[in-house]
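As they're listed, the protein sequences go chains A and V. According to my numbering, the first sequence is numbered sequentially starting from 370. According to my numbering, the second sequence is numbered sequentially starting from 4.
Check before you lean on any hint, since a few could be wrong.
Said to hold, decoys possible - Derived pair list, reagent style BS3-like, types lysine-lysine, alpha-carbon separation capped at 30 angstroms: (1) K494(A) <-> K149(V); (2) K497(A) <-> K397(A); (3) K494(A) <-> K21(V); (4) K697(A) <-> K106(V); (5) K497(A) <-> K151(V); (6) K726(A) <-> K113(V); (7) K160(V) <-> K119(V); (8) K494(A) <-> K104(V); (9) K21(V) <-> K517(A); (10) K515(A) <-> K14(V); (11) K7(V) <-> K532(A); (12) K80(V) <-> K149(V); (13) K80(V) <-> K497(A); (14) K726(A) <-> K106(V); (15) K517(A) <-> K413(A); (16) K494(A) <-> K80(V); (17) K559(A) <-> K675(A); (18) K149(V) <-> K644(A); (19) K494(A) <-> K76(V); (20) K517(A) <-> K22(V); (21) K106(V) <-> K119(V); (22) K119(V) <-> K149(V); (23) K617(A) <-> K149(V); (24) K21(V) <-> K532(A); (25) K402(A) <-> K602(A); (26) K397(A) <-> K597(A); (27) K532(A) <-> K113(V); (28) K80(V) <-> K532(A); (29) K435(A) <-> K21(V); (30) K151(V) <-> K644(A); (31) K151(V) <-> K617(A); (32) K76(V) <-> K532(A); (33) K22(V) <-> K559(A); (34) K149(V) <-> K697(A); (35) K398(A) <-> K439(A).
Just so you know, the hints here were simulated from the structure itself, not pulled from any lab data.
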Amino acid sequence: MERIVLPQIENFNQIEVYLANGGFESAKKTFAKTPDQIVDEVKKSGLRGRGGAAFSAGLKWSFMPKTTDKPKYLCINGDESEPGSFKDRQIFEDNPFQLIEGAIITCYAIGAKVAYLYIRGEYNKWIKLMQKAVDEAYARGFVGEKMKETFGIDFSCDLFIHKGAGAYICGEESSLMNSIEGLRGYPRVKPPFPAQRGLWGCPTTINNVETITNVPAIMKNGWEWFSKIGAPKHPGTILFGVSGHVNKPGVYELPSGVLLTDLIFNVAGGVRGNKRIKCVIPGGSSMPPLRGDQLEGVRMDAESLKEVGSAIGTGGVMVMDEDTNLLKVLIRIAHFYHHESCGQCTPCREGTGWMEKTLRRIDEGNGTSADLDLLISVANNIEGNTICALGDAAAWPVKFMIARFRDEFEKYVNKNISIPVPNKVHSMRGTAIPLTEIQK
Amino acid sequence: MIFKFTEENIKRIETARKKYPTALAAVMDTIYIAQEQNGFISNEVMEEIASVLGIDKVNVLSVVTFYTMYHTKPMGKYHVQVCTNVSCMLRGAYEIWDGVKDKLGLDHMKVSPDGKYSLEEVECMGACGYAPMIAVNEDYFENLNKEKVFEILDSLK
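Please model the entire structure based on the sequences and the hints provided.
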């Protein structure tokens, strides 16, 4: 089985071992080509972003303007705050040098002089590991001014680590740029896209850590080799983070297009206590969940998951067995998005709060069937009406969880709307003022 | 109370400053350094950060209040963070959360009177495959159950 991002070589995170296994060879090979050739090869390889949107990496690079007086930047997104996603830390831990090599190749291809690696603040241990690796790469002349001598080219770039401080929203690309600039992590309106006006108003490309780590392997083995791995429309391997009610949770690198059932039952050791599966979220908490009886034949790549009404996201597979209370799960997800909404757009700031409150009302036993429709309508009003994709991310789980598990949610609510008082407006508002007070 | 950066920390701020073309971009690193030295970010600390970087205090304030890892109040010596997000929740995080709350006698974002512990219910920490987890200050503890969590809490001196 092909392993690209996390090869199973002992001590691969040591620079000697990495160099002994052909480390930085593909960078040397690549620097003989022109940047255009590299962008073209990555485009032809079919490498798609691993951060959630699965957008073609080569195409993204080709948006960078060729002639500009402004400096260009590369941002590598290691914010990784999506619940269910924990793959990037495995790269920081086991394969930091391939990430660095990918970063310098990408910088060369897009003409960036500086790359920022954004890592979430909670990952203190991994930031230290990564900083150590970057320092070593600097000392050996693979990054920085000394690159010119090491590789014998007229190009050099710097790689800096930027530590986040605990904001989910900073995984969104424009918000990540604001965070690097030292501002609040508010997403920006697009267009202009980062390739035109990004970091400090200069052309910028933002890629996920896993995407960048794939680049040296593509350069080494050629785009034909890469495009033949896994699903043709979404080639390569994907890091799947399996969590929840499985026997062997963890990060697994598998070719894209692997069967979801294969992933859960053979790779991750099946469900705890041999229970049946009620629900699977295939790509991190913001992606639409799948029913347990829907899983047969589902393949894990962007196109196949789209067909069954979900998305690949970050490849964080969350498995829930038959005893799971989906209402509690949905409340937790809604609470998460309420907490993490940056507060910039009204539909998301208010809507996420109301979704959580409505769900809690159902949990307290005061919900009606109409509340379920209300939740879907609130979700529909958030989706597509916000600056960034967090609005959609907050709306999808609520909307699809209720739509696909309506039978289960109907059990948690009262069938009939009972309004105990004549003043309908107040009772439906759930006002905090006792009715006796109002009636006085 | 007047806050001044130590000389060593001033050097660290200068190193951080060199990473970016603008002084404002170094504000996040500088707040971390200040928090390490002072324990939390008070009004005086924000003034000092602003004057060291040559930026407006409002820029510091806006960043401090946006990100959850900066504290504007003193936290305990051991800041216990329990993740209760979905992956952890499926594997029993709420038992741990309730247990820790009872054991420490604290609630979310509260500090014990002796200043030893503080407690926070955190969002996903990126340890979903090793759930449930807690973090004490900056260290992760993974694959836990209630007993193991209590052992960890007892070992904190």
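Hint numbers contradicted by this structure: none
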